[in-house]
Amino acid sequence: MKKIKCALIGSGNIGTDLIYKVKRSPVLEPVWMVGIDAASEGLARARDMGLKTTADGVDGLLPHVLDDGIQIAFDATSAYVHAENSRKLNELGVMMIDLTPAAIGPLCVPPVNLREHADKAEMNVNMISCAGQATIPIVNAVARVQSVDYAEIVATLASKSIGPGTRMNLDEFTYTTSNAIVQVGGARRGKAIAIINPAEPPLIMRNTINCMTDDAPDQARIIDSVLAMIAEVQKYVPGYRLVNGPVFDGKRVSVFMEVAGLGDYLPKYAGNLDIMTAAACRTAEMFAEEILAGTLQLKATEAA
Amino acid sequence: MSSPSSLKGRKVMLHDMCLRDGMHAKREQISVEQMVKVATALDDAGVPMIQVTHGGGLGGNSLQHGFALASNEDYLKAVAPKMKQAKISVLLIPGMGTMRDLQSAYDCGARSVHVATHCTEADTSPQHIAFARKLGMDATGFLMMAHLNDPQGLAQQGKLMESYGAQTIYITDSAGYMLPADVTDRVAALRAVLKPETEIGFHGHHNLGMGVANSIAAIEAGARRIDGSAAGLGAGAGNTPLEVFAAVCERMGIETGVDLFKLMDVAEDIIVPMMDHLVRVDRESLTLGYAGVYSTFVLPAKRAAARFGVPARDILVELGRKKMIGGQEDMIEDTAMTMAKERGLLKDVARTT
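For the record, the sequence lines run as chains A and B.
Numbering follows our numbering, with no gaps: position 108 of the first sequence is 108.
Numbering follows our numbering, with no gaps: position 314 of the second sequence is 618.
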C-alpha cells in the first residue's frame, strides 16, 4: 500500500519519539530527519533507523522535498523558528503539523476537532501542548453537555521527560494551553498550570481538570460524556486512564487523569511526550488517508 | 559553632512574608484594607522588604490555590504608594506566574521578586529572572523544598540562577523539615560557588519549631537575607516569627535596622487578631515538618479529610511518600479519593447508558 512521505524537523525527544510512531503507521512513512547539529545523538539515531538526515535546518531539506515526494512535515523545534519553517514548506505544498507552541495554524485536538480541519484542508495545524492534548478532551466532554464558565487544568510532568526547549519557554506553554482550553475546549475562560516533579522513580504524567459550570452540573450526563471521550482518546493513546472523578462539588467538576506512554523512545512515565506525538501522528494519518483516497489535494501556498 | 559575639555587627536584611505566605494561612482572604494596615505598620517598624501577593504568587488566583479577595494588582496598587522606606516584593513560580504578570506587578509598584522553582528545576526560571533584571527589579532565585536536594546539588542550582541574573539565592525550607546543620551545609555550599557579590537568603517554616535557630545558622554560614513573618503568619506552623527573630538578632548584636518593640506590637495587636486559627505547631503542621511535606498542603488536607473521611495526617504522610512538591494541591484531593476507595469509603464512577 502506498504511504505518504513525511519529514520530521527537530531531532530532540519529540522528533525521535515520532520516528517510532510514524514508522508504525499504515499510511505514513518517515523519510527525512532535520536537525541543526551534525554531532547530535538525535540525527545519528535517525540515520540508524534508516532516515535521511540533514544538519542544516529546514534549508537543508528544501532541495529534496519534490524529488522525495514529501507531503507532510512535523515541526518539533521551537515557537521561534516554526513560522519560517512553515512558510518555506507550505510554498512547496507540504502540509505542516506544528508541535511547537507557535500556534500560527488552527489548534487541533483529534477527538474534538480533527475532522473539521481535514475537511478544510488546512496547511498548518497546531498540536497545542502535551497538557492541552491530555486535558482539552475532558474540558470539551463537559462543555458539550452544558456551558462551562471557567476551566482550569494542572499538568504534572516528570522532570526527566521535559527537554530544554519547554523549560526555557514555560510561559509560551502556559499561554498556548490556556488559550486552547477556550478555543477548542469550549470553556469561556481558561487557565493552565504546569508542575515539573523530579521524584525518582519518575511519576507518570498526571492531569487534573476542573470545570466550573454555569448551572448545577448534570452529573449523570457529564459522567457518560467524560467516559465516552476517554475511550476516544484511548484509541490513539492506550495509556490514557481515569484515576478519580468526575467528582462534583457545587458547580465544580473535577477529573483526575494519568497518561502512561507506550515507552517508544522515553520510558512509560513520559506520557506527556507520547500523547503529543500520538495526537500529531493521528492528525497526519487523517490527512494522509484523505490524500490517498483522492479526497484531499494539498495546494502550495503562494510565496509572499 | 561560632560564638554569638562573632556575629556582632553583622548586617542582615529582613523580609516579611505575612502578606504572601500568610495568605495561605488566611485561605487568601486578606482584604486590601488589611494589607494596607499591616504593610504600613511594618514599614513604620523599619522592615525593609515586604512581600505582597496571593499565597501562590503572581498568577496564583485559581481553583488549585484559591481565589483571593482582590487581584494581585489591586493589592500592590493599594500598598506600594503608602510605603515610606520598605520595598515591595512579589513571588513568581514559573509554570503558574508569567512575565506578563511580572510586568503588571512592576507597573503596580513591585520592585523585588522571588522567582521560585523546585530545588532541582532552576532551569525553568531563566526567562523570568532575566526579565526581572531588565525591569530593574531586585531579583532572587528561590529554591523551594531545599531539603530534597543535597548541598552540592543545591549549590549548582543556585549557580544556574545566578547565571540568569539572580542577585540573591534563597534556600527555602518549604516543608519546615531542616535542622540547623542542614541549613549550615547548604549555605556553605552555595557560598563556595557563588560570586562574592551574590547574596544568600533563608526562608524557614516553623513546623519543627526551628525557624529562628535555622535562620541564625544561615547567618553564621554567610546568609544576609532572612524571610519571616510577624507573629509567624504563614503556611503550616507559619514562617520564622519575625519579631522573635529580631529580638534574638538584637541579643546577638546582629543589625537588622528594625524597631523591635514596634514589630512586636504589629505581631500582637494587628496580626494575631487577624488569624482564623492560631498559627502554631499543631498535629498536622508537625506532620509536615516531620515527613517533609510542602507547608501549604495542611489546610486543603484538612478539607479533603472532612470531605472523604480519611484523616488529614494519613493524607499528608502519603503525599510525602509519593514525593509531591509545591503547587500540587490537586493531588491532595486525588490522594484522599484514592485512599477513600482503598478503605471502602468511595466507589469508582460508572456509565449510566
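Since the hints were derived computationally from the structure, they do not count as laboratory data.
Warning: the hint list may mix true and false statements.
[Claimed, not checked] Rough simulated footprint, nothing fancy, chain B against chain A, three-plus residues with beta-carbon under 8 Å:
#, region
1, 165 to 172
2, 184 to 195
3, 206 to 220
4, 250 to 257
[What the hints assert, rightly or not] Under 7 Å between C-beta atoms, here's a sample of chain B residues computed to sit facing chain A:
#, residue
5, Leu367
6, Gly399
7, Thr402
8, Met403
9, Gln407
10, Ser408
11, Ile629
12, Leu649
13, Val653
14, Thr656
Remember, predicted model here, so these are calculated numbers, not experimental data.
Note that beta-carbon positions come from the ideal geometry of N, C-alpha and C, so glycine has one too.
Results for each hint:
| no. | hint | verdict |
| --- | --- | --- |
| 1 | 165 to 172 | holds (count 5) |
| 2 | 184 to 195 | holds (count 4) |
| 3 | 206 to 220 | holds (count 5) |
| 4 | 250 to 257 | holds (count 3) |
| 5 | Leu367 | holds (5 Å) |
| 6 | Gly399 | holds (4 Å) |
| 7 | Thr402 | holds (5 Å) |
| 8 | Met403 | holds (6 Å) |
| 9 | Gln407 | violated (11 Å) |
| 10 | Ser408 | violated (13 Å) |
| 11 | Ile629 | holds (5 Å) |
| 12 | Leu649 | violated (13 Å) |
| 13 | Val653 | holds (5 Å) |
| 14 | Thr656 | holds (5 Å) |
In the structure shown, a violation is registered for the earlier hints numbered 9, 10 and 12, in ascending order.
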